[in-house]
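The whole structure should be built from the sequences, with the hints applied where relevant.
Chains A and B, in that order, are what the protein sequence lines are. So the first sequence is numbered by the working numbering: it starts at 294 and just counts up by one. So the second sequence is numbered by the working numbering: it starts at 34 and just counts up by one.
It should be emphasised that the hints constitute simulated quantities derived from the structure, not laboratory data. Check the hints yourself; a few may be wrong.
Part of the chain A face toward chain B, derived, beta carbon under 7 Å [claimed, not checked]: (1) P389; (2) W390; (3) R423; (4) H433; (5) T478.
Glycine included, every Cβ here is placed at the ideal spot set by N, Cα and C.
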Amino acid sequence: MTSTIERTDANRTGAPALTLRGVGKTFGAGSGAVTALRNIDLQVQPGEFVCLLGASGCGKSTLLNLVADLDAPTVGELQVGTARPSFMFQEAALLPWLTARRNIELALQLAGQGRRERRIRADELLALVRLEGQGDKRPHELSGGMRQRVSLARALAATTAVGEAEGRPGMLLMDEPFAALDAITRDVLQTELLRVWQATGTTILFVTHDVREAIRLAQRVVLLSSRPGTVVREWRVGDGPMELHTDLHTEITGRLRQVITSHAA
Amino acid sequence: MPHEPTPLHTGRGTDENLLTSPAATAVLEDAAAAVAGLDALDTPTTTTRPWWKRAVSTGLPPLVALVVFLLAWQLVWASAITAEYKLPAPIDVWHAFAKTVADGSVWSILWTSVSRAFIGFAVALVIATPLGLLVAKVRVVRAAIGPLLSGLQSLPSVAWVPAAVLWFGLTDATIYFVVLAGSIPSIANGLVAGIDQIPPILPRVGQVLGARGLSAARHILLPAALPGYLAGCKQGWAFSWRSLMAAEIIAAGPLLGFGLGAFLKEGSDFNDMPSVIAAIFLILIVGIGIELLVFRPVERRVLRARGLALTT
Numbered sequence: 294m295t296s297t298i299e300r301t302d303a304n305r306t307g308a309p310a311l312t313l314r315g316v317g318k319t320f321g322a323g324s325g326a327v328t329a330l331r332n333i334d335l336q337v338q339p340g341e342f343v344c345l346l347g348a349s350g351c352g353k354s355t356l357l358n359l360v361a362d363l364d365a366p367t368v369g370e371l372q373v374g375t376a377r378p379s380f381m382f383q384e385a386a387l388l389p390w391l392t393a394r395r396n397i398e399l400a401l402q403l404a405g406q407g408r409r410e411r412r413i414r415a416d417e418l419l420a421l422v423r424l425e426g427q428g429d430k431r432p433h434e435l436s437g438g439m440r441q442r443v444s445l446a447r448a449l450a451a452t453t454a455v456g457e458a459e460g461r462p463g464m465l466l467m468d469e470p471f472a473a474l475d476a477i478t479r480d481v482l483q484t485e486l487l488r489v490w491q492a493t494g495t496t497i498l499f500v501t502h503d504v505r506e507a508i509r510l511a512q513r514v515v516l517l518s519s520r521p522g523t524v525v526r527e528w529r530v531g532d533g534p535m536e537l538h539t540d541l542h543t544e545i546t547g548r549l550r551q552v553i554t555s556h557a558a
Numbered sequence: 034m035p036h037e038p039t040p041l042h043t044g045r046g047t048d049e050n051l052l053t054s055p056a057a058t059a060v061l062e063d064a065a066a067a068v069a070g071l072d073a074l075d076t077p078t079t080t081t082r083p084w085w086k087r088a089v090s091t092g093l094p095p096l097v098a099l100v101v102f103l104l105a106w107q108l109v110w111a112s113a114i115t116a117e118y119k120l121p122a123p124i125d126v127w128h129a130f131a132k133t134v135a136d137g138s139v140w141s142i143l144w145t146s147v148s149r150a151f152i153g154f155a156v157a158l159v160i161a162t163p164l165g166l167l168v169a170k171v172r173v174v175r176a177a178i179g180p181l182l183s184g185l186q187s188l189p190s191v192a193w194v195p196a197a198v199l200w201f202g203l204t205d206a207t208i209y210f211v212v213l214a215g216s217i218p219s220i221a222n223g224l225v226a227g228i229d230q231i232p233p234i235l236p237r238v239g240q241v242l243g244a245r246g247l248s249a250a251r252h253i254l255l256p257a258a259l260p261g262y263l264a265g266c267k268q269g270w271a272f273s274w275r276s277l278m279a280a281e282i283i284a285a286g287p288l289l290g291f292g293l294g295a296f297l298k299e300g301s302d303f304n305d306m307p308s309v310i311a312a313i314f315l316i317l318i319v320g321i322g323i324e325l326l327v328f329r330p331v332e333r334r335v336l337r338a339r340g341l342a343l344t345t
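Structure below.
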């Protein structure tokens with residue numbers, strides 16, 4: 294375990310994993326144009342776990358799409374200091390014709406890994422998300438929570454494989470990955486994610502609309518306003534169990550509510 | 034909007050605590066147990082029936098239906114409501130069929146038609162697949178010929194026969210033209226529908242995993258479109274077989290081989306009702322046989338792998 298933690302610490306120093314300066318995104322042009330993001334400034338350190346928090350319409354997903362290079366910013370500067378980021382969606386989005394293991398292997402294959410290597414790595418990742426022996430099942434034979442864990446394993450596979458291929462650490466973008474799950478499964482997967490994050494030291498940018506989830510997971514919570522999305526405020530989350538953070542929870546919830554009610558008029 | 038970062042505590046430093054303290058270990062073990070429990074509860078259950086039960090439940094009903102049909106036919110014939118030359122006895126049809134088997138002509142008749150249908154279908158696949166890809170992925174092409182392609186599906190390909198006879202004369206070219214005109218639109222439309230029905234999330238998954246261009250087509254697009262493509266192929270086969278029979282019945286000549294359609298036409302020309310009905314049955318049996326032996330197993334495999342049920 295010690296070696297893992299040393300590696301983790303090494304990942305958490307050096308050049309920023311992500312830098313956004315004055316980033317804005319506008320869809321369409323003229324009178325019908327919609328500004329989704331305006332003047333976003335954000336820096337994420339390597340190995341850091343950051344939650345983007347906001348109500349619907351705050352452009353959280355748009356921001357992730359920009360970082361993932363699925364879309365391009367209209368203005369501003371966006372620098373990714375890690376290898377090509379990998380992405381975990383709100384739905385598991387597994388390829389239904391591939392087994393759980395092949396879904397993970399595809400990420401490794403597309404990053405250029407060989408067959409033997411892929412197989413070993415995929416089994417390791419399946420074990421990491423506690424799905425040993427389930428690798429030969431197809432997505433439809435798995436429960437929602439299991440599918441989401443395969444999706445997590447696939448995203449981790451992509452992060453590490455791309456990182457190795459490019460010779461620098463990876464980054465994981467997560468777009469409300471647990472939102473569609475029931476409360477108990479979500480709780481368990483949050484614990485799992487923290488465990489995996491501590492074991493791998495990957496930079497994680499996690500989008501959510503759930504204050505509790507943000508406090509539980511992140512080292513830093515960034516609150517975005519809605520339409521257009523801008524950074525309202527950010528908080529560092531200290532260590533310790535949830536019970537220690539009730540004040541912070543109240544404060545962030547109050548601020549989020551303020552942001553939402555400002556749209557009512 | 035000003036940023037107001039509130040640094041409470043930098044660095045995490047909990048890694049060791051979380052992983053080694055007894056309380057944390059208990060939490061982790063608890064999580065592991067919770068994961069295992071949820072998995073056991075949530076995993077969809079699958080039930081498998083023994084093969085003989087499946088064979089009985091799928092094989093018996095059509096067999097019973099066939100026996101009932103033959104009995105009804107025999108009854109109607111025995112009651113002599115209709116003239117003998119209009120409705121022969123089942124046994125006479127059987128004799129007409131047995132005669133072609135006895136002199137061996139049934140094999141050459143079947144071979145002529147089935148080989149034509151297969152060659153026609155194969156050529157249609159080669160033409161329709163890139164055509165379907167173009168229509169599905171290139172907006173201009175879709176706007177230009179998309180409606181025409183789906184419109185052509187409702188045009189009975191027998192309508193092409195007179196034109197084809199004038200263009201190509203009574204040759205194999207006429208037959209193949211009609212077969213292609215029947216099956217290409219179906220296959221191409223099937224592929225277009227298959228691609229259109231791909232959930233938009235899947236191409237994005239390919240993109241974030243780094244699949245571009247050809248590798249995206251190979252790993253994401255084509256496998257995702259496969260069920261629709263297969264359905265199109267199945268329909269394309271049915272259309273090509275139908276068109277072939279229409280062409281063989283209408284276009285008959287010395288340059289054309291003697292296929293099932295010609296066999297049927299000959300029976301009709303000689304007022305030989307048992308031969309006509311035997312020919313109809315043969316056409317039906319070949320059509321159903323190819324569907325059951327070729328398309329059904331492939332489709333079943335593809336759909337089952339995706340957790341989709343076979344509807345027909």
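Each hint tested on the structure:
Look at A:P389: its Cβ gets to within about 4 Å of chain B, closer than 7 Å, so that hint holds up. This hint holds: A:W390 has a C-beta 5 Å from the nearest C-beta of chain B, less than the 7 Å allowed. About 5 Å separates the beta-carbon of A:R423 from the nearest beta-carbon of chain B, less than 7 Å, and the hint is met. At its closest, the beta carbon of A:H433 sits 3 Å from a beta carbon of chain B; the interface hint therefore holds under the 7 Å criterion.
For A:T478, the shortest C-beta to C-beta distance to chain B is roughly 6 Å, which falls under 7 Å, so the interface hint holds.
Hint check: no violations occur; every hint is consistent with the structure.
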